[in-house]
Amino acid sequence: MSVKFFGQFLIDQGEVDASHVREALDLMEDANPTFGEISVKQGFMTTRETVEASAAQRSRDLPFGDMAVELGMLTADQLVEILRLQRSQKLPIGEALVQLGHIETDRLGTLLDAFKADQAEYEVANIDLPDALVNQCATKYILELLPRLLMRVARMQAKVGDVMPFELAPDYADIRVSIPIKGTRGLEVALISDLEFAEQLAMAASGISPKDLDPEMVADGVGEFLNVLSGNAVSAVTKAGHRVELGPPDYEATLSDGWIVELAVGDGHAALVLSVF
Amino acid sequence: MSRKLNVLLVDDSRTVLAQLERILNEIDDVSIVGMARNGASAIRMATESRPDLVLMDIVMPGLDGLSALRTIKSMYPEMEVAMVSSARGDAQKVEEAFRLGACQVLGKPFDAEIFGALIANTCVVLDQRAADEGGQR
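Protein chains in written order, with the working numbering: chain A, 1 to 277; chain B, 1 to 137.
Simulated from the structure, these hints should not be mistaken for laboratory data.
Owing to the predicted nature of the structure, the values given are computational and were not obtained by experimental measurement.
Note that the Cβ used here is the ideal one computed from N, Cα and C, for glycine as well.
Do not take every clue at face value.
[As the list claims (entries may be wrong)] If you anchor each label on the Cβ, the simulated ranges turn out as follows:
| id | chain 1 | residue 1 | chain 2 | residue 2 | range |
| --- | --- | --- | --- | --- | --- |
| 1 | A | Leu168 | B | Asp28 | 31 to 37 Å |
| 2 | A | Glu81 | B | Ala130 | 37 to 43 Å |
| 3 | B | Arg129 | A | Glu29 | 26 to 32 Å |
| 4 | A | Gly14 | B | Arg50 | 25 to 31 Å |
| 5 | B | Arg129 | A | Pro92 | 27 to 33 Å |
| 6 | A | Pro92 | B | Ala130 | 35 to 41 Å |
| 7 | A | Asp257 | B | Met75 | 48 to 54 Å |
| 8 | B | Lys4 | A | Arg87 | 51 to 57 Å |
[Unchecked claim] Calculated pairs, SDA-like style, for lysine to any residue (alpha carbon to alpha carbon, straight line, at most 25 Å):
| id | chain 1 | residue 1 | chain 2 | residue 2 |
| --- | --- | --- | --- | --- |
| 9 | B | Lys93 | B | Pro109 |
| 10 | A | Lys211 | B | Arg14 |
| 11 | A | Lys116 | B | Asp111 |
| 12 | B | Lys93 | A | Leu79 |
| 13 | B | Lys93 | A | Met67 |
[Claimed, not checked] Computed footprint of chain B on chain A; a stretch qualifies when at least three of its residues, placed anywhere within it, have a C-beta under 8 Å from a C-beta of chain B:
| id | segment |
| --- | --- |
| 14 | 4-10 |
| 15 | 44-50 |
| 16 | 69-80 |
| 17 | 102-112 |
| 18 | 148-154 |
| 19 | 159-170 |
Hey, can you work out the whole structure from these sequences and the hints?
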């Protein structure tokens, strides 16, 4: 089980197939107003300005809205308002599949309830965080999902400690893998551990026996776990309507100022180091 | 299951390849015909071994999974390709994978039951296609 979108869930359940999802995506693309269309309708931008912002995107890799703000065509508040309207006016994939006749109208509610139950494992409660991390929406998902995913992936128990200021890397940090989560404000998530924890995780995740494990595989096991953890957090944040994306993992992470969260684990030592950028 | 399904695995992580191999080896009538660690190798191995199903990571160094998916589907439209959303749960990438012809996008951590369903569904699709082709002759 992982954080997934409704279309993926429906295919898993055998309710629709990939061609139905493709049809629904096409319908949604036709039905959903673009950012530019909404901004013109709201009177925030002129049609000419939308053309100029689109043209500017050819030379710079920026989302349309960000580009319009940068060019002085939109204010930050207007950008937020348009994104809110875009979300609220979006044709959901379930509705699109109903319109196309691939799902019965009266079955949609049952399937949405089943989807919600399937994804309940990934709902997280609010947890106390330092001020600088409060607005990092991915942080709470990272901290809440870590023990659940460690149990699911490797059958390893872990308890997440308090979020403490990071000063110096613990002397057990033989393995240091980090992944950047890029958004309005970035979050660097590093998983550090000793070899004992890393080997246990790599063996459990891959099913490879200790004698076949090499150093690359050990680091890869930790990196892949961090990948899964951060990816599921990013999916959850994306589903909540925020724009974030993952960067590539760094297997020789330099730990910078931020916070450290020690993990109480059965085998070895491990911790998360979080820093904002 | 009436046929042997030839599967090509593609992921830059050796841990994930080992994990996929372990899961698929527990499913009857599945034969792993190769393992690639980037998109370019995946295209080459797909050409050489002509698998029935390619299981491929979306994000990989070098030629990524979506680019390889586009190429494989243009060369072999009949080849079934399921993408593995390698933790980058990005709605746009998932949508793009479907648009490029993926038959499913699987998330991590893996659920062994989902693979059983994927293999069974792929066999149904291939059997149906074979029956359709037989009927046209």
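Each hint tested on the structure:
| no. | hint | result |
| --- | --- | --- |
| 1 | A:Leu168 / B:Asp28: 31 to 37 Å | 53 Å, violated |
| 2 | A:Glu81 / B:Ala130: 37 to 43 Å | 54 Å, violated |
| 3 | B:Arg129 / A:Glu29: 26 to 32 Å | 28 Å, holds |
| 4 | A:Gly14 / B:Arg50: 25 to 31 Å | 27 Å, holds |
| 5 | B:Arg129 / A:Pro92: 27 to 33 Å | 32 Å, holds |
| 6 | A:Pro92 / B:Ala130: 35 to 41 Å | 36 Å, holds |
| 7 | A:Asp257 / B:Met75: 48 to 54 Å | 49 Å, holds |
| 8 | B:Lys4 / A:Arg87: 51 to 57 Å | 46 Å, violated |
| 9 | B:Lys93 / B:Pro109 | 18 Å, holds |
| 10 | A:Lys211 / B:Arg14 | 15 Å, holds |
| 11 | A:Lys116 / B:Asp111 | 17 Å, holds |
| 12 | B:Lys93 / A:Leu79 | 23 Å, holds |
| 13 | B:Lys93 / A:Met67 | 22 Å, holds |
| 14 | 4-10 | holds (count 4) |
| 15 | 44-50 | violated (count 0) |
| 16 | 69-80 | violated (count 0) |
| 17 | 102-112 | violated (count 0) |
| 18 | 148-154 | holds (count 3) |
| 19 | 159-170 | violated (count 0) |
Of the hints listed earlier, those the structure fails to meet are numbers 1, 2, 8, 15, 16, 17, 19, in rising order.
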